[in-house]
Amino acid sequence: MAPRPILTVDGLSVEFRTRNGTVRALESVDLTVAKGEVLGIVGESGSGKSVTAYTVIGLLDKAGRPVAGSAEYDGVPLIGTREKDLADLRGREISMIFQNPRAALNPIRPVGKQIEDVLLRHNQATRQDAKEKAIAMLEKVRIVDPPLRYWSYPYELSGGMCQRVMIAIALACNPRLLIADEPTTGLDVTTQKATMDLVQELTRASGMSVILITHDLGMAAAYCDRIVVMRKGEIVEAAPVAQLFADPKHPYTQKLIAASPGPNSKLSDLTAVPDEMEDAAPVQAPDAPPVRVMPPSRAPLMEVTNLVKEFPRRDAKSVWPWQKSETADTVFRAVDDISFSLSRGESLGLVGESGCGKSTTSSIVTRLLDPTAGSVFFDGEDITAFRAAKFARLPQRRKIQMVFQDPTDSLNPRFSSADSISDPLRRMVGLSGAALTKRVEELSDMVGLPRHLLTRFPHQLSGGQKARVGIARAIAADPMLLVLDEPTSALDVSVQAVVLQLLDRLKQELGMSYIFVSHDLNVVRLLCERVIVMNKGKIVETGTAEDVLTRPQQDYTKTLIAAIPQLDPARWRPPQTAAAPVPKAAE
Amino acid sequence: MLRFAKHARYVLSENPVTAGAFLFFTLLILLAVFGPWIAPHDPLATNASNALQAPTWAHPFGTDHLGRDVFSRVIVATRLDLGIAVSAVALSFVIGSALGCSAGFWGGWTDRIVGRVSDTIMAFPLFVLAMGVVAALGNSVENIIYATAVINLPFYARVARNETSLRREAGFVLAARISGGSDARILATQVFPNILPPMMVQISLNMGWAILNAAGLSFIGLGVRPPAAEWGIMVAEGATYIVSGEWWLALFPGAALMLAVFCFNLMGDGLRDLVDPSRRT
Amino acid sequence: MRTKLAQVGRRLLQAVPSVIGIIVISFALTRALPGDPAVYFAGAMADEKSIAEVRVALGLDRSWIEQFFIYVGNLFSGNLGVSLNTGRPVLTELMTRLPASLELTFTGLGIAILIAVPLGVLAAVRPGSWIDHMCRVLVTAGVSLPTFFTGLFLIYLFYYLLGLAPSPLGRLDILFFPPEHVTGFYTLDSLIAGDGETFVAALKQIVLPALTLGLFALAPIARMTRAAMLNALASDFVRTARANGLSSATVLGTYAFRNAALPVLTTLGMVFSFLLGANVLVEKVFSWPGIGSFAIEALIASDYAAVQGFVLSMALLFVLVNLAIDTLLTLIDPRIGLDG
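Chains as they are written, first to last, in the working numbering: chain A, 1 to 587; chain B, 1 to 281; chain C, 1 to 340.
Keep in mind the hints are simulated off the structure, nothing from the lab. Bear in mind that the values here come from a model prediction, so they are computed numbers and not experimental data. There could be a bad hint or two in this list.
Unchecked claim - Cross-link-like lysine-lysine pairs, in silico, DSS-like; alpha carbons within 30 angstroms at most:
#  : chain 1 : residue 1 : chain 2 : residue 2
1  : A       : K399      : A       : K438
2  : A       : K131      : C       : K204
3  : B       : K6        : A       : K438
4  : A       : K84       : A       : K62
5  : A       : K232      : A       : K249
6  : A       : K232      : A       : K113
7  : A       : K113      : C       : K4
8  : A       : K507      : A       : K538
9  : A       : K390      : A       : K232
10 : A       : K113      : A       : K140
11 : A       : K133      : C       : K4
As the list claims (entries may be wrong) - So these bits of chain B aren't anywhere near chain C, every CB distance computed over 10 angstroms:
#  : residue
12 : A5
13 : G20
14 : L91
15 : W106
16 : N162
17 : D183
18 : T189
19 : P226
For each residue, glycine too, the CB sits at the ideal point set by N, CA and C.
Please work from the sequences and hints to get the whole structure.
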């Protein structure tokens, strides 16, 4: 490498004091960032990728402290330097953008003023021209009508706009290194792409170096020059992006790449690399294999016609002590006249960005919510004829079950795994005593939950284990239809891969139909035969998963697909046409 | 049950301050139950020749203006003071959490009515409202309890309401619905046990506050009548003698009151840890 | 600015249901008296004739609805009845005594805020330091102290033992004449009159009772300040501010404290509610001639009109204070009242 790197981290180790003694969060981490380079730090939760950045920039919280190693920015030592000197560096030389941009901005200060604060602090503006410069920054990050937006408060801006303001603040003093910590987590896919494109454009224009911290290999592949893979506080592999994907050396990297669903990967590919996870599924056949021969009939199991759900648009949020009248000036149509059908044994994906109405639809279909208009026929009967509150006592209740988004939130903290799985069995199947215990054990075998975990409480289980409990509970009463509401979005990729495979296997074995609600087209494609794309409460496009993904007909679907950072390792492998030039990341 | 005992031991050994508070609480309960038998003297026996004696071995807390033994009176008063506070807090806990849970779970009109009622109670300075209630209902111990219960009610209703509505749409509640549970069952088995930890903290804080309020009311001459032994009224009786330097009349009942409240306030966190399963190991 | 004014207006309107609720409850309290309210309102010395007069005057011979409207009508014409103790209209009694209570309460609140807010901020900025520990001890002890007990303790210490404080009897030593009535606050009025000696005398009298109230109000304010400040310091936006190298003064002041001030301001309403109650006890301990002492005398003497007038006026005062706080919050916090 030619010139001196702008950032050098050498043997950095960090310890955290916790209630149970000290924990190593980083173990001799080495990395460098060259001038103008975009370095990706990739890893799953708890891998230490954020800790690395926070240590370097001196924002580590009080419980953590570097115990060994050094970090230098352009020859200036960063570890053990006085806070005052570091503060001079931050914002001027090194700056940072964060996830959850709305929370990361001062809620009661106009955004323009927040840009000014940084400019004035680092003497990049005077009191006279600060406002002008702040507005220029807003313009630079393409915020419409900057002089007006100067006075906006974060709550008045969308998440994407807030992230642009953050970028404006971070770049206001023209730093030479930008650290982006999961900058797009929580944003919609299309906003994600727009945000990252903006970062790329602005940093490249001024030759800025960037550290991009992300859990998303696809994103790293699209925007980085070089990638560092971290696991449990250690760097397992560092390589230029093409080399990393074409020829991953470390087994963990291989596993991570395999587990990330790409546009061409198949479900079986995801765990092609044998895993060594803590909650490894003991692949044991259930005691009594309940494999059913699936009826070949393609008769519709569910028929949804002209479904509408309206919510009153509240005048203001109703806080208890000061209740407002709920008089709605207008109503908000969350689901706007949609119809679709689902065959027996079919899996249907419901895809769209947040607020598109997919979750509302799934709540109505599972009869947790009453529709405003329209009907849902299930197995030939109109189940919307009963109010949601009554539905709990109908025999159809056990036929439609659901797996929830957040495995932690969906388990009662006071119930052990066995209690949670027993609940539907007691309530709807009427099992008790030994029969109940036997069935619970059977179910835990089916979902690959080790039996000794049945007595544990949710806080004693890992994310993947909690997901398994949730799935066992959902299939306990032998449902015909399982509604999966973003079942893997809270899980790490490697766990996601295992859960997806489990869901697929259960579908084969039990002959259930799935409605799979997700924002991630790549994941939906793995599990579903047919896909419905929703936007603003309406169905935009519907078709087989293959067709919708490879030959989208509607503009909206095209944008949606284009926005997904595609991870396609095949792109970097030189298979047939040797010597193919390595494509530069992200056009 | 055994699991709970083990957990209790863990929580208490982890935090010595909480353990101390629980120990003192046990002592208070013992005094409340066995007070009249423990007290060395008759709390009501007057002895004019022995009035206003500073603390001695015979009378560790001294004697009051009627020659009564302050130590015995302080001990015997525990039952009345704790009794008022416990009954008042129990009343407002039961009614308040029932109202609050329904309001939080069903929302709509239930929520609005419960909210309006507790807002209106809260619109009064609470001690002043208690004075008004006692004045209206009549000057008696039961009415002190009712008044204290009324002014505590909105706190329980609010905590229960907020904690319930937080969990109304929680995944595990939806899952219970999908498992065929009725509203009442879900409220009882899924929601209520989970709002207990914050309610426990509220109970412990309110218990102290309830004691302070009841003592305050009797300090200004409401509720408990002389010659009954009660901490508030004893401080009131001793107040006259403070300016002439007879400090023990007011100090000991006041200190007992303070310690009791202090103990309840310290117990709050411990109680929450006790009923919170995620603290279990 | 216009939208802000509209929001403040809306806040004012929101006080209407509270006021209605207060009036309904105080009406219910006057009618909840066991037996015949007319007997109670007429007092112990009344004969048949005066009881009958009171019954007609209170409208007790009519239906509940009518009675309620008569009650409301009386309230609006400022007729709260006549105090049996003093024989003067309750409203007059309350108005003459109100300044004494307000002076005491506000001085107490002022002392509490001046100590508690810096203490809470410092405790949050240096968690685990001695100041943090001191804050925690003060907070836990503060909420456990019965106000009347603190007051007595202070009297014993500063009057009996040290002899620093004047005897705890009222607003002014009998050697002094009250200053000319302007605000009704003796300390302010004596300053306005340019009477330094009276000012010092008035100040000496108010220090102990105000300190008692201050100690009582200190705990909740300090606890809230500390919690709000810790919360703000741990927030994402403070992290952003630090990541941009802003000076610690800006981070603490402009970013953390301004945000932390909002919940503290909200808590002040609750604190004031407690203060109005504690005020009654402190007035009794220090023989302070405010409406609290008036209410206690009335309670003992079963002077119901006076007690109801006291409860009602305290509630209305509290509504006013809450309104003031909410208005302030609306003006400071851009997020309040706007559609999300």
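*10 angstroms Cβ clearance of A5(B) from chain C*: A5(B) clear of chain C: closest Cβ-Cβ about 28 angstroms, beyond 10 angstroms.
*Minimum Cβ distance from D183(B) to chain C greater than 10 angstroms, as the annotation requires*: D183(B) clear of chain C: closest Cβ-Cβ about 29 angstroms, beyond 10 angstroms.
*Beyond 10 angstroms from every Cβ of chain C: is that where the Cβ of N162(B) lies?*
holds, 15 angstroms
*Taking 30 angstroms as the top limit, are the C-alpha atoms of K6(B) and K438(A) close enough?*
holds, 29 angstroms
*Was T189(B) rightly flagged as not at the interface, with every chain C Cβ beyond 10 angstroms?*
holds, 33 angstroms
_Outside-interface status for W106(B) - nearest CB in chain C farther than 10 angstroms_ = Holds, because the least Cβ-Cβ distance between W106(B) and chain C comes to about 22 angstroms, which exceeds 10 angstroms.
*Please settle this one: P226(B) was flagged as non-interface, so is its CB more than 10 angstroms from every CB on chain C?*
holds, 13 angstroms
*Pair hint K84(A) and K62(A), alpha-carbon separation not exceeding 30 angstroms*: holds, 16 angstroms
*Could you grab the alpha-carbon distance between K390(A) and K232(A) and see if it respects the 30 angstroms cut-off?*
violated, 49 angstroms
*Does K399(A) pair with K438(A) here, judged by a C-alpha cut-off of 30 angstroms?*
Within the cut-off at roughly 21 angstroms; holds.
*Interface exclusion of L91(B) relative to chain C, criterion Cβ beyond 10 angstroms*: holds, 18 angstroms
*Sort out whether K113(A) lies within 30 angstroms of K232(A), counting only the CA atoms.*
Roughly 40 angstroms between the alpha carbons, so the hint for K232(A) and K113(A) is violated.
Comparing the model with each numbered hint stated earlier shows that hints 2, 6, 9 do not hold.
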